[in-house]
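Engineer: Using the sequences and the hints given, assemble the complete structure.
Residue numbers (the working numbering): 1 to 488.
Quick caveat, the hints were computed from the structure, so don't treat them as lab data.
Hints are not guaranteed to be accurate.
When the alpha-carbon atoms are kept at most 16 Å apart in a straight line, the in silico EDC-like pairs for lysine to aspartate or glutamate are as follows [what the hints assert, rightly or not]:
hint: 1; residue 1: Lys442; residue 2: Glu461
hint: 2; residue 1: Lys152; residue 2: Glu358
hint: 3; residue 1: Lys421; residue 2: Glu409
hint: 4; residue 1: Lys464; residue 2: Asp148
hint: 5; residue 1: Lys100; residue 2: Glu75
hint: 6; residue 1: Lys432; residue 2: Glu383
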Amino acid sequence: MEIRSIFRNISPIDHRYSISEKDLFDALAAWISEEASIRACVKAETALVIAHLAARGDLTPALRSALEKAGDSVEPDEVYAEEEKTRHNIRALVNVLKRKTPPETAPLVHLGATSVDILDTSLSYRMKHVTQEVVLPNLRKLELSLCDFVEKEAETPQVGRTHGQHAVPITLGFAIAEYVSRLGKSILEIGKRSAELKGKLAGAAGAYNATAMIVKDPEALEKIYLAELGLEPSEHATQLVEPEYLLRLLLEFNTAFGVIANLADDLRNLQRSEIGEVREGFASEQVGSSTMPQKRNPWNSEHVKSLWKAFMPRVLTFFMDQISEHQRDLSNSASQRFIADYVTGFCMAVRRMTSVVEGLGVDRERLLSNLRGGGIPGGVMAEPAYILLAETGVSDAHEVVRAITLSAEKEKTSFAEALAKQPDVLDRIGGKLVELGRISSKEDALSFFGQPEQYCGLAPEKAKALAKKYRDMMNRVVQKPQFLNNNH
Numbered sequence: 001m002e003i004r005s006i007f008r009n010i011s012p013i014d015h016r017y018s019i020s021e022k023d024l025f026d027a028l029a030a031w032i033s034e035e036a037s038i039r040a041c042v043k044a045e046t047a048l049v050i051a052h053l054a055a056r057g058d059l060t061p062a063l064r065s066a067l068e069k070a071g072d073s074v075e076p077d078e079v080y081a082e083e084e085k086t087r088h089n090i091r092a093l094v095n096v097l098k099r100k101t102p103p104e105t106a107p108l109v110h111l112g113a114t115s116v117d118i119l120d121t122s123l124s125y126r127m128k129h130v131t132q133e134v135v136l137p138n139l140r141k142l143e144l145s146l147c148d149f150v151e152k153e154a155e156t157p158q159v160g161r162t163h164g165q166h167a168v169p170i171t172l173g174f175a176i177a178e179y180v181s182r183l184g185k186s187i188l189e190i191g192k193r194s195a196e197l198k199g200k201l202a203g204a205a206g207a208y209n210a211t212a213m214i215v216k217d218p219e220a221l222e223k224i225y226l227a228e229l230g231l232e233p234s235e236h237a238t239q240l241v242e243p244e245y246l247l248r249l250l251l252e253f254n255t256a257f258g259v260i261a262n263l264a265d266d267l268r269n270l271q272r273s274e275i276g277e278v279r280e281g282f283a284s285e286q287v288g289s290s291t292m293p294q295k296r297n298p299w300n301s302e303h304v305k306s307l308w309k310a311f312m313p314r315v316l317t318f319f320m321d322q323i324s325e326h327q328r329d330l331s332n333s334a335s336q337r338f339i340a341d342y343v344t345g346f347c348m349a350v351r352r353m354t355s356v357v358e359g360l361g362v363d364r365e366r367l368l369s370n371l372r373g374g375g376i377p378g379g380v381m382a383e384p385a386y387i388l389l390a391e392t393g394v395s396d397a398h399e400v401v402r403a404i405t406l407s408a409e410k411e412k413t414s415f416a417e418a419l420a421k422q423p424d425v426l427d428r429i430g431g432k433l434v435e436l437g438r439i440s441s442k443e444d445a446l447s448f449f450g451q452p453e454q455y456c457g458l459a460p461e462k463a464k465a466l467a468k469k470y471r472d473m474m475n476r477v478v479q480k481p482q483f484l485n486n487n488h
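Structural biologist: In structure tokens, the structure reads:
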């Protein structure tokens, strides 16, 4: 087989990312590389022979061992060389395996199967295991890193932002807890969907024509075959496994990818010079710009967003692969091969975002300054002023407080200073604050409005509760989760 420099590969996955994330690339390659694809097809063909022998009552430990050894000896370059003659990938694989398997079992290789009984089944097998052994552990690590961050910053005051404008006070931990919740639910759904992937041994049109000529109960043979691979049969098959099983898994990948891209966007924006509330880790010899030595760009967050832009649109292809005319056409053959690219891009984004979260620095002084400042310093406290005033029976409280904010804006003063010029309003609000136990006397009312960090609602409690909830969930999802009865 031809050996070429890694830098002559066309896809950046196979040069840039295979170098920068070697351990992740190697873990993925074990399941979704071309070599892994061929070896999974060999495993499926071997499982079929074992199923035939088991159905006949002829399976022995020695035969099983010999069959597995024969399968392990098949090399991808042999299959590719054979395909040059057959112009058919599965027939080429069958020919190679027949030459290696024990002579008495050679007639059973591929017996009763059509190509897609092997291809779709082996794809489900690979996708199930790459999800369980690579995707989920990486997602779990990211989720736990987010939980760590949320717990640490649960009480760190931050200004909330809606429409890009200052809203009301929250905490930084609460802001990130959004992603803990959204991603956590998606991780659980990915685990569920991966456990539901199916295989088949139903023949050329899905009606068990071929296997009905071999055994009395073709569906029982199918179950034996799939059990060898840790799978169950598709409820109905044409030449294909029902596509929705895989589609739903890939769509949930895409949902999680969107959550991560949204987080990347938020973190990137919080690193803007004029905001400066958080900052990505930056190595001592790292360079931010080729011409501006002072630059420390949020390039990792931007990189995650960029990967999402490259791979998210592929969901359209996943939907198009849902359709195949009648019992099967070949229009999915090429497009499904690129699922491997998508899974790799997704995992690279997960890994990169984990490094961002683990190294994220927080500028608490800047957070507090931004919260207390803004267009109208302390203006984020207009809401509690309006609420408290309305609680005293003032029906147009919203308009009264809005007028105070306009006065503060015009006179370039703080909200508290503008409020102090309305003694009747301040007296009513101060009395209500005393009733609530937020201050000891009315005279302290202005101090309350000068410290917006006191008005965070349930943000700290919600942040801590969500971090604990999803940490507990992730700790129940071990590296090889209990979603599966694994016969690997």
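Engineer: It remains to establish, for every hint, whether it holds in the given structure.
Structural biologist: Verification of the supplied hints:
At roughly 28 Å between alpha-carbon atoms, lysine 442 and glutamate 461 are farther apart than 16 Å, so this suggested pair is violated. The suggested pairing of lysine 152 with glutamate 358 holds, with an alpha-carbon distance near 12 Å, which does not exceed 16 Å. The straight-line distance between the Cα atoms of lysine 421 and glutamate 409 is roughly 14 Å, inside the 16 Å bound, and the hint therefore holds. In summary, the hint linking lysine 464 to aspartate 148 is supported, as the alpha carbons are separated by about 10 Å, within the 16 Å threshold.
Between the alpha carbons of lysine 100 and glutamate 75 the distance comes to roughly 11 Å, so the proposed pair stays at or under 16 Å and holds. Using a Cα cut-off of 16 Å, the hinted pair lysine 432 and glutamate 383 holds, with the two alpha carbons roughly 14 Å apart.
Of the numbered hints stated above, the single one contradicted by the structure is hint 1.
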